[in-house]
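**Student:** Spelled out from the first residue to the last, the chains are:
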Amino acid sequence: MLNINKTSEEKTVVLALEGRLDTTTAPELEAAIQEVLPGLTELILDFEALEYISSAGLRVLLSTEKALNGKGTMKICKANETILEIFEVTGFSEILTIE
Amino acid sequence: MNEVRNTDPVTVELSGRIDSGNASAVETEILSGLSGKTNLPLVLDAEKLEYISSAGLRVILRLKKNYPDLCVKNVSSDVYEILEMTGFTEMMRVEKAYRVVSVEGCEVIGEGFNGKVYRIDKDNVVKTYKNADALAEIQHEREVAKLALILGVPTAISYDVVRVGDSYGSVFELLNAKSFAKILAKEPERMDYCVREYVRMLKKIHSIEVPEGKLPSRKARLLKSVARIKDSLPDGLGEKLERMTEAIPESNHMIHGDFHTKNIVVADGEVLLIDMDTLSTGHPIFELVSMYNSYVGYSEYDPEIVIRFQGFNAETARKFWHESLAAYLGTKDEDRINEVEEKVRILSYTYLYDWGNRHPAAVGEHGEETMALWKGRLVELLKKVDSLVFEAPTDEKAPAEELDVEADESRLMAVTAFVNRQLEKTGCSPKTVSQIDIAVEEIFVNIASYAYAPGKGRAAITVEISGEPEEATIVFKDSGIPYDPLAKTDPDTTLSANEREIGGLGIFMTKKIMDSMSYEYKDGQNVLTLKKKLS
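So the sequences go chain by chain: A and B. Following our numbering, the residues of the first sequence are numbered contiguously, the last one being 99. Following our numbering, the residues of the second sequence are numbered contiguously, the last one being 1535.
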């Protein structure tokens, strides 16, 4: 189960995620990002209520980072300890902006 | 309004609201409809009654004085609550309104002597009863199922009672349920899985001790059969049968009493035992008796009977019985298996011969020949067997629990739920659970995506907790194309976002998260073993 809560202010979009970002739910996040990507300059992913991420979720993050390609920024905030460790071992903490 | 129908019993239809504003008018109306007749078995039909206040309740109380057998039927849950709160349900018969369910055109998924089980939609089945006044039976089964659940038996409890035609039915939620009978009929290659899970369930219930007086003794029931047939056996064999049956030790351990493959279902990956109305206590021989009868006994003269009842043929039935008995006894020694089987068969034929005497019509078209066969075998065995007692298997370490699912991404939730159920029994932290979930997801999704592509297949997952400190060992098996995920090179985690490839992360993460990971290709299967310490 994944809930995505969208708020936006001018060209900044915040997607607050709640639940599990896994094989089943990753396509939902992908679709939500596809929808807001055109024209945004800053994408903030609020992970405060996200419990879990698997490689399917990481793939969405990586392809979003690639799609932005310097035209905008993506920032991930408030990730829990388990998720931060996943970012660490996969090297994602080096290539993504994580607060 | 409130109408008196001169049916038998006389029925008063209550409707709308009955409160202080109209209670006395309603009372007058009802009494004039009854025109002074008293002491009838009066029925108040509350189907259309929406609300009743204390003024209305007083009307019912006054009616009850003149009609002591008064009963209130078809009560909505709102009104029932009022009647329950005020103690009316204690004072008179009050029956709730039952949802009406039609089973016309529904798939029959089970059939027993007492009724049929229909699938009414994807997730629900209704069990119907032949007996028109089945409420007592339903109540009994519900109570027994609750007791079983509390004592640790994975079972389904009906959540609703409904009207089906002239009788009643109980509704169960069974997600994607499939019985072992159906699996054996349609996927004979899964015989080993069925035997293993069937015996695991059998040992589980036999290990449960039942508080005294909660369930009937199976031995007492068999002794009644013995008493009824003993005089028809020659040469003092009847007395020998009685002596040997009496010598079977009493036991407070649970037995199901009708433990055959239609009563074991896999629902959403979890193995459940259903049909609890025969739950009792006793020595395991009594369970084996009903099993032998299901697979062999009933159909010993006419093999067609087992196909009609279980859906698979007599050869499969015998094989399943033999392998289950061997696994239950934990032996491959044919002499030992045969020795126990002969003891079991004595009581099986005793039961069948007595049953056939009492229900000649049910025995089938070759009734006489069948009865002669049962009796003949009983006599033959009684001459050579001198005791019915055998050492029940002492339960060694329970084997690892296994989930057998279609290797498809849509089953991921069931897989995760299964693994988490096993982990819940340990004291491991939510973080460790999350990490193991990630590894399990990566491996399962990998199998689902590649093992059988472009076709479909199955995957089996076992979880075993062992050691000190506790360690989880999770094994994935599939029969897809041989593939060693460990042979894959790890992604370079030092590259920039643009240089990194989108895929290839799952296995790498699994390696990092788990303490160890090993692969082998064995007996035509990919076997991947993951281990992680839980603290």
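Note that these hints are calculated values from the structure, not bench results. Heads up, a few of these hints could be off.
[As the list claims (entries may be wrong)] Here are the simulated EDC-like pairs of lysine to aspartate or glutamate, each with C-alpha atoms no more than 16 Å apart in a straight line:
#1 B:1319 <-> B:1187
#2 B:1064 <-> B:1107
#3 B:1512 <-> A:28
#4 B:1511 <-> A:85
#5 A:71 <-> A:85
#6 A:66 <-> B:1246
#7 B:1384 <-> B:1166
#8 B:1182 <-> B:1192
#9 B:1531 <-> B:1490
#10 B:1224 <-> B:1212
#11 B:1319 <-> B:1354
#12 B:1431 <-> A:94
#13 B:1512 <-> A:85
#14 B:1511 <-> A:88
#15 B:1178 <-> B:1111
#16 B:1532 <-> B:1464
#17 B:1116 <-> B:1166
#18 A:66 <-> A:9
#19 B:1224 <-> B:1192
#20 B:1384 <-> B:1501
#21 B:1182 <-> B:1107
#22 B:1383 <-> B:1242
#23 B:1431 <-> A:30
#24 A:66 <-> B:1499
#25 B:1431 <-> A:28
#26 B:1425 <-> B:1365
#27 B:1456 <-> B:1501
Just so you know, these numbers come straight off a predicted model, no measurement behind them.
**Student:** Are the Cα positions of residue 1182 of chain B and residue 1107 of chain B separated by 16 Å at most?
**Tutor:** The given pair, whose Cα atoms are some 13 Å apart, holds under the 16 Å limit.
**Student:** Are residue 1431 of chain B and residue 94 of chain A close enough, with their CA atoms no more than 16 Å apart?
**Tutor:** Outside the cut-off at roughly 23 Å; violated.
**Student:** Are the Cα positions of residue 1116 of chain B and residue 1166 of chain B separated by 16 Å at most?
**Tutor:** 14 Å, holds
**Student:** Would you mind confirming whether the straight-line C-alpha gap from residue 1512 of chain B to residue 85 of chain A stays at or under 16 Å?
**Tutor:** 10 Å, holds
**Student:** Please work out if residue 1456 of chain B and residue 1501 of chain B have their alpha carbons no farther apart than 16 Å.
**Tutor:** 28 Å, violated
**Student:** Between the alpha carbons of residue 1384 of chain B and residue 1501 of chain B, is the straight-line distance 16 Å or under?
**Tutor:** 75 Å, violated
**Student:** Next pair to validate is residue 1319 of chain B with residue 1187 of chain B; report whether the Cα-Cα distance is within 16 Å.
**Tutor:** 15 Å, holds
**Student:** Hint check: residue 66 of chain A vs residue 1499 of chain B, CA-CA at most 16 Å. Holds or violated?
**Tutor:** Since the Cα atoms of residue 66 of chain A and residue 1499 of chain B sit roughly 9 Å apart, the hinted pair holds (cutoff 16 Å).
**Student:** Check whether the Cα positions of residue 1431 of chain B and residue 30 of chain A lie no farther apart than 16 Å.
**Tutor:** 26 Å, violated
**Student:** Just to be careful, I want the Cα atoms of residue 66 of chain A and residue 9 of chain A compared with a cutoff of 16 Å; is the pair within it?
**Tutor:** Since the Cα atoms of residue 66 of chain A and residue 9 of chain A sit roughly 23 Å apart, the hinted pair is violated (cutoff 16 Å).
**Student:** Would you check the hint for residue 1384 of chain B and residue 1166 of chain B, treating anything up to 16 Å between C-alpha atoms as holding?
**Tutor:** Since the Cα atoms of residue 1384 of chain B and residue 1166 of chain B sit roughly 51 Å apart, the hinted pair is violated (cutoff 16 Å).
**Student:** Can the restraint linking residue 1511 of chain B and residue 85 of chain A be considered satisfied, given a maximum Cα separation of 16 Å?
**Tutor:** 14 Å, holds
Of the numbered hints stated above, those contradicted by the structure are hints 2, 3, 5, 6, 7, 9, 10, 11, 12, 18, 19, 20, 23, 25, 26 and 27, listed in ascending order.
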